[in-house]
Structures are given as structure tokens and as C-alpha cells.
Amino acid sequence: MASSIKIRTSIKDGLTTVRSIIRHPMDSGYIKNPETGDTIPAHYIEKVTVHHGDKLVLQCDWGRAVSANPFLSFIFSGAKTGDTLRISWADNKGESDSIEAVIQ
Amino acid sequence: MAGSALLAGLGSFLKPLVAFAERNSSAFSAETEAEAIAKFFPDQNITPSDAIAISVHDLVENGAIVPVEINTSLPETSSITILVEKNPNPLIANFDLSPECSGFIATRIKMAKPSDIVAVVRSQGKLFSARKFVEVIEGGCG
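Residue numbers (this note's numbering), protein chains in the order written: chain A, 1 to 104; chain B, 105 to 246.
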């Protein structure tokens, strides 16, 4: 199955810009299904980590109001082309995913 | 609460590949900005700073997808936190930055109604904040 995580990286002047999108509904638990009138249960990512090699570079705690299919971009130093970047997430239902990308 | 914390603990125990730090759940379920800040940053002073830029459109049509960028020139930034004052749960996201990270985060958030967006930045152990009002035409049920 295709990963839920897409990563793009670019290095310029020693700084790596990471842009990623995670496929996830991010249901807040506050919205009703317009057809049935039932509340759509909360289903959202709570934690995201980003590792450069073995090193944790970014850790995110998210609530219900990060948009569906979350977008995340940040910038860090110390990486070079060919290094690995791993992004992992876990949601409030215990689901999780992780992907490793090679920094371009 | 204890049961769900136990389950969450078991979940992370069963998935050793994904190790996450403990979550401040009570701050994320807080229903006012003041309560969220008091729970997330207990007993800490927050100083307004113009060295934090919140890049977001002044007016957004669709509150379900509001692109936001936080940029700060404050030194040794170790965290960036985003809140939306008028959302049902104002605490939106926290980002813990390693020393390698620049003072920059971009993401997309939901806004239930017109509101201030608040950014709190930890720099050299101290907290600083900025806020910016955003007009929302159709709320995204934060």
C-alpha cells in the first residue's frame, strides 16, 4: 500500500527545507455527517516526529484543528544529500505510519 | 481518562518503532485560550514580541484550510505553539524544535469563526507571543 506520507526536501546554503503532506481525515469530532446527521467520530493525528538519521529534529503535538491531509514544512541545518529523513505519525485511534526518504 | 492513558501507553509499548513523548491532553481539550495557555505553559510569563511573524491571509473564505506560517528571528528557538482564540479547542499544534531547526513552521489549520491566531515561541527558555486577527467567511468547525 502506498505510504500515507509524502516528503519533498531541498538543500540550499546548508539549510534543508522539508515539505510534507500526510493523508489523514483529521476528523475533529465536531462535524455531523450531512446525510445521516450522526457526528463523525474524532480521528486525528496527535503526534508527528521527524528524524534525521537517528537524531530527532522535530516533534509535533497536534490537536483536532490541524486541517485534513496535514501539511507540514520546516527548515533545519546539518543534513547533506543522501542522508535519510524519517517522518512518523500516530493518531488518537492508535493508527500510525512512518516513511523514510532520502534527502535530495 | 486513566483508562485511555493506559491504552495509549500500551499502544506505544506495542509499537516500539514509533516512540512519542507524553501528550498534554488537558491543554488540547481546554475550551478557552486562557485555559489552554495556563495548562500548556503553567506558571510561565509570556511577553509580546514583534520578532514573531504570523503569515496568514487577512481574510479566508474556507475555515477548513487556513495556511499559516510562523517565522521568528528570536535566538535558540526551542518550540513554536499555534492557538486560535475562538476555536472550540484553542490549542491547535505545538512544535518542539531541535537546535538544528530554524525558527520557522508552516502548516494548515481549521478556524471555526473569525479569530485571532496566536503564536507562542520559546526562545532561550523564555516565552514570547504574537497574534493576528483573521476574518473567516465560512467556518471550518475547528
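Hints are computed from structural coordinates only; laboratory data are not their basis. Only a predicted model underlies this, so the values are computations on that prediction, with no experimental measurement involved. A portion of the hints provided could be inaccurate.
Claimed, not checked - DSS-like mimics (lysine-lysine), calculated; alpha carbons at most 30 Å apart, straight line:
hint	chain 1	residue 1	chain 2	residue 2
1	A	K93	B	K143
2	B	K143	A	K55
3	B	K230	A	K93
4	B	K230	B	K143
5	A	K80	A	K12
6	A	K32	B	K217
7	A	K80	A	K6
8	B	K230	A	K55
9	A	K55	A	K80
10	B	K236	B	K143
11	B	K217	B	K236
12	A	K6	A	K55
13	B	K143	B	K190
14	B	K217	B	K190
15	A	K55	A	K12
16	B	K190	A	K32
17	B	K230	A	K32
18	A	K32	A	K80
19	B	K236	B	K190
20	B	K230	B	K190
21	B	K143	B	K217
22	A	K93	B	K236
23	A	K93	A	K55
Hints and how they fare:
Note on K93(A) and K143(B): the hinted pairing holds, with a Cα-Cα distance of about 24 Å set against a maximum of 30 Å. Annotation: proposed proximity of K143(B) to K55(A) holds, straight-line Cα distance about 29 Å (limit 30 Å). Annotation: proposed proximity of K230(B) to K93(A) is violated, straight-line Cα distance about 34 Å (limit 30 Å). Restraint check for K230(B) and K143(B): the C-alpha separation of about 16 Å stays at or below 30 Å, so the hint holds.
For the suggested pair K80(A) and K12(A), the alpha carbons sit about 10 Å apart, so the restraint of at most 30 Å is met. A hinted pair counts as satisfied when its Cα atoms are at most 30 Å apart, and K32(A) with K217(B) qualifies at roughly 17 Å. Only pairs whose Cα atoms come within 30 Å are accepted, and K80(A) paired with K6(A) is accepted, the gap being roughly 19 Å. Note on K230(B) and K55(A): the hinted pairing holds, with a Cα-Cα distance of about 25 Å set against a maximum of 30 Å.
About 14 Å separates the Cα atoms of K55(A) and K80(A), which keeps this hinted pair within 30 Å; it holds. Distance hint between K236(B) and K143(B) is fulfilled; the C-alpha atoms sit about 22 Å from each other, no more than 30 Å. With a C-alpha separation of about 14 Å, the suggested pairing of K217(B) with K236(B) holds against the 30 Å cut-off. Restraint check for K6(A) and K55(A): satisfied, since their Cα atoms lie roughly 20 Å apart, inside the 30 Å limit.
Distance check on the hinted pair: K143(B) and K190(B) sit about 17 Å apart at the alpha-carbon level, within 30 Å; holds. Note on K217(B) and K190(B): the hinted pairing holds, with a Cα-Cα distance of about 7 Å set against a maximum of 30 Å. Taken as a hint, the K55(A) and K12(A) pair is honoured in the structure, with Cα atoms around 21 Å apart against an allowance of 30 Å. In summary, the hint linking K190(B) to K32(A) is supported, as the alpha carbons are separated by about 20 Å, within the 30 Å threshold.
For the suggested pair K230(B) and K32(A), the alpha carbons sit about 41 Å apart, so the restraint of at most 30 Å is broken. A C-alpha spacing of about 46 Å is found between K32(A) and K80(A), which places the hinted pair above 30 Å, so the restraint is violated. With a C-alpha separation of about 12 Å, the suggested pairing of K236(B) with K190(B) holds against the 30 Å cut-off. Our distance criterion of 30 Å between C-alpha atoms is met by K230(B) and K190(B), whose separation comes to about 25 Å.
A hinted pair counts as satisfied when its Cα atoms are at most 30 Å apart, and K143(B) with K217(B) qualifies at roughly 23 Å. With a C-alpha separation of about 33 Å, the suggested pair K93(A) and K236(B) falls outside the 30 Å cut-off, and the hint is violated. Restraint check: the Cα-Cα separation between K93(A) and K55(A) comes to about 27 Å, which is no more than 30 Å; the hinted pair holds.
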